[in-house]
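Engineer: Chain A is fixed; fit chains B and C onto it per the hints.
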Amino acid sequence: MSQKLKDATIPTIPLGARIQRWIGRNLIRIYAVFAFTYLFIPVAYTFAFSFNDSGKSNLIWKGFTLGNWQNPCGAPEVCNALGNSIKIGFLATFFSTILGTMIAFAIGRHKFRGRSTSNLLIFLPMATPEIVMGASLLSLFLVLKINPGFWPTVIAHIVFCISFVVVTVKARIASLDPRLEQAAMDLYANEFETFRRVTLPLVAPGIAGAALLAFSLSFDDFIITNFNSGTLTTFPKFIYVSAARGIPAQANVIGSAMFFLALTIVIVGQLVNRRKVR
Amino acid sequence: MGKIRTPYLLLLPGFGFLFTFFILPIINLAQTSTQTRVSGGDTGQYEQTLRFTNYLDAFVENKEQFGRSFLYAIIATVLALAIAYPLAYAIAFKAGKYKNLLLVLVVAPFFTSFLLRTIAWKQILGEEGFVVPTLRSLGIISESTTLTSTSFAVVMGMTYNFLPFMTLPLFASIDRIDPRTLEASGDLYANGLTTFRRVTLPLSMPGVVAGTLLTFIPAAGDYVNAAILGNPNTKMLGNVIESRYFKIVDYPTAAALSFTLMAAILILVTLYIRKAGTEELV
Amino acid sequence: MVKASIEARGDLRLTRLTKSYGDFTAVDDLSLTIPKGSFFALLGPSGCGKTTTLRMIAGLEEPTAGSIHLGETDITTTKPYQRPINTVFQNYALFPHLTIFENIAFGLRRRGQKDVKEAVDKVLNLVELPHLAERKPTQLSGGQQQRIALARAIVNRPALLLLDEPLGALDLKLRRQMQIELKWIQKEVGLTFVHVTHDQEEAMTMADTIAVMNEGQIEQMGSPAELYDNPETAYVANFLGQSNLIKGTISGNDGDSLIVDLYGQKIALPKNRSHAIDNSTYAGIRPEKFRISLLETPVHGNVLTGGRIEDVSYIGVSTQYQVEMPWGQELMVFEQNDDGVAPFNKGDAVNISWAPTFTFALRGDEDVTAGSEVEPEDLDEE
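Chains as they are written, first to last, in our numbering: chain A, 1 to 278; chain B, 1 to 282; chain C, 1 to 382.
FYI, nobody ran anything at the bench for these hints, they're computed from the structure.
Warning: the hint list may mix true and false statements.
Stretch by stretch, here's where chain A covers chain C in the computed footprint (C-beta under 8 Å, at least three residues) [to be verified]:
#1 15 to 22
#2 65 to 71
Keeping only pairs whose Cα atoms sit at most 27 Å apart, straight-line, the calculated DSSO-like set for lysine-lysine is [stated by the list, open to error]:
#3 C/K79 with B/K94
#4 C/K136 with B/K275
#5 A/K237 with A/K62
#6 B/K247 with A/K145
C-beta: ideal position from N, C-alpha, C; glycine also.
If we strip away everything but chain A, and leave its shape as in the complex, we get (with noise of 0.2 Å):
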């Protein structure tokens, strides 16, 4: 029977019916690719706009240089501003993942009275406008007498990166296997040693994460550091004050910089992520 049937011609499926399909399966990545060419297009202007042999203010296109990357310090301020960026971005990261990470575990790995306060606690600077946090900090800092500056921003900073850093460690500890624990235990490892041998490394990955996540905060943060640091400059601060004379196409240069840098760190370390779990 299915001898007679091979036969027989192969029927086809119709042109038209293939076409309805395809377009059907792939409207939605056509319609993606649209979605992040909208993302990108700033990014992209940034870029080419650091080539630009613009002078002072950099808003018209004048002629392809390499001037502005190879002396990217050209224009006056824009890397002190970027010092204290970083500085503040490291101190604030190194503070907030601390704490973070303390707060996480302790959310995450105990059972107590007065955990879901707690969680609120945390969720709290998340919920709040960046401006009230901003402006309650300055208040404080004046009724205090502290004068707005380096140090003020720098706690600024670690008050909104904690929340961000518990919320990124607590789920890479929620992710784990508490039998992996149980297993070290069962095999010798006292408390400190089963911490230090196997939770902390299978924890570190979030950690380190958080980590990245609270120095891009800190670092691309306006609103809360202009109401903190008085008349500290910082790089989107430097970017925000010359917008209405023009940004030095150096600004174009540390952003595109930043861009490429950043997303070397992650792909990098879902790589080596990828690679340890295999």
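Structural biologist: Then chains B and C, alone, in the frame of chain A:
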């Protein structure tokens, strides 16, 4: 004994810090909001008089900016949801092995300072950019129409800047949906639209709620987009608070406005969560 | 068009159906007719193309070529929701956000059916879970979820019900019970069932007709007894139960029988059970068809002499023997323990005998290990 104390010891430094630099400032802000100017004192000198009408004055004086803040934030949130949902869906279900790479790409624009990107939009949409002349020559907009310094530009900027906040939680939610349930829906006589309405959307509600909150809250308090992409008639509450602090040095009004903003956001968010919560999220 | 396809009824006819993913051909020029009202099983190891076939019938995959007809209606390019076909998914795919009642009512509501409550209650009674109507799927056990998935599909009275490894996630005991229940329900509702499985016992318990699939093609199709007693290929002989395959040469004719020479010993088998194409062949005998006897005992039918018992495994209802033959091959023999104890011991010199009608003959160029090295416990992940 030590076991019981461990979590508290771990919490102590972080929560001590948060209490000092987050809770205390908010309390302090509340105090400031009812102060009045010391008569005959210097600029910036205030005393506590428990004047609650500060709130009323601040609100009445700025109700336009108030309304604008929430209107812009809501429009930007809805737009971001509309743009991000299909994107998150595509990454979750259609990206295959490129899923992680595409997720990185969603976050990647963040790494270029958001101010630089906002200013880039200003220049792209500005008179010297390529968009306006193109649209004009195509006759889509008239010669006198501009795109920058408009409420359109402000809302577009906000939508753009908060898009990743919307996309990531949406992705997390959609990615957890078993694709077989979507097939099962089709198998049970639901067409694409019905499947979306009856299965995909309800199952992704946690992501929708998280995404809209993460977009709406910062959008309502934002003033950078309005400052860069707007004009004096697109000022939002954030712009008012900023200028009260730095230009007018009117701390009580600024504090009262901040508090009103926070309260309004909290009320809206609570209502919203309660409404979304009735759908019984899984 | 939409109306027509959704009301199509009749036999399911696959014509030269092919599905390729790049270079890989999952389903290769498959033609098949499944009669209305039958319980049909597609059996094969993972990667044999059975799930892909099922998904094309459901409309979840698009065929690269070929056509699918239900009765006289061509449904090859019809959307899943326009086919009168429902599926019980491998992991049930119940909607986690809906109650059991709403899960079952889903299809009825989409088709705008009246009396939803009545229909759902009826099918809940059929699967004996009426008390679970208001629960959520996550609150149910695996067996309960399985029945709800079944109820959700059959409540729509489809022309065709597809079951994709429906019992794969259940434990052995529950699986046996569900097999019997599924068969009963199929009789009760009178629908056409197409069942995909890698479990040969499951297929044999339930199906009227089994198609054994291998590398995207149908290896053999027939009733469970036909496939088991008279397999046409080594693949089928090994995949369905176990077989002893002994190399031999067809040396003569005797009326309706063929005479086959197995390493110098002559045996007979019915001509209509030979699938050899020339003189070279493999003679196949199922282990339970063999009888072991001590050398002095007289025997009838086919006899192979010179065996020696190498291993004895007592497993309650039966005893399994490994018997080494003079040409070095070990034959497997299952003996019922009707007398309570295993009558033979390791090292015994024995003859092996069986009735000629239980012999089948395969082509001599077959790979005797085909179908035996596949791991049937792998879940189908196509």
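Engineer: Would you mind marking each hint as holding or not holding in the structure?
Structural biologist: Hint check results:
1. 15 to 22: holds (count 3)
2. 65 to 71: Result for this restraint: holds, n = 3.
3. C/K79 with B/K94: holds, 19 Å
4. C/K136 with B/K275: With a Cα-Cα distance of about 21 Å, the restraint between C/K136 and B/K275 holds, given a limit of 27 Å.
5. A/K237 with A/K62: Between A/K237 and A/K62 the Cα gap is close to 26 Å, so the pair holds against 27 Å.
6. B/K247 with A/K145: holds, 20 Å
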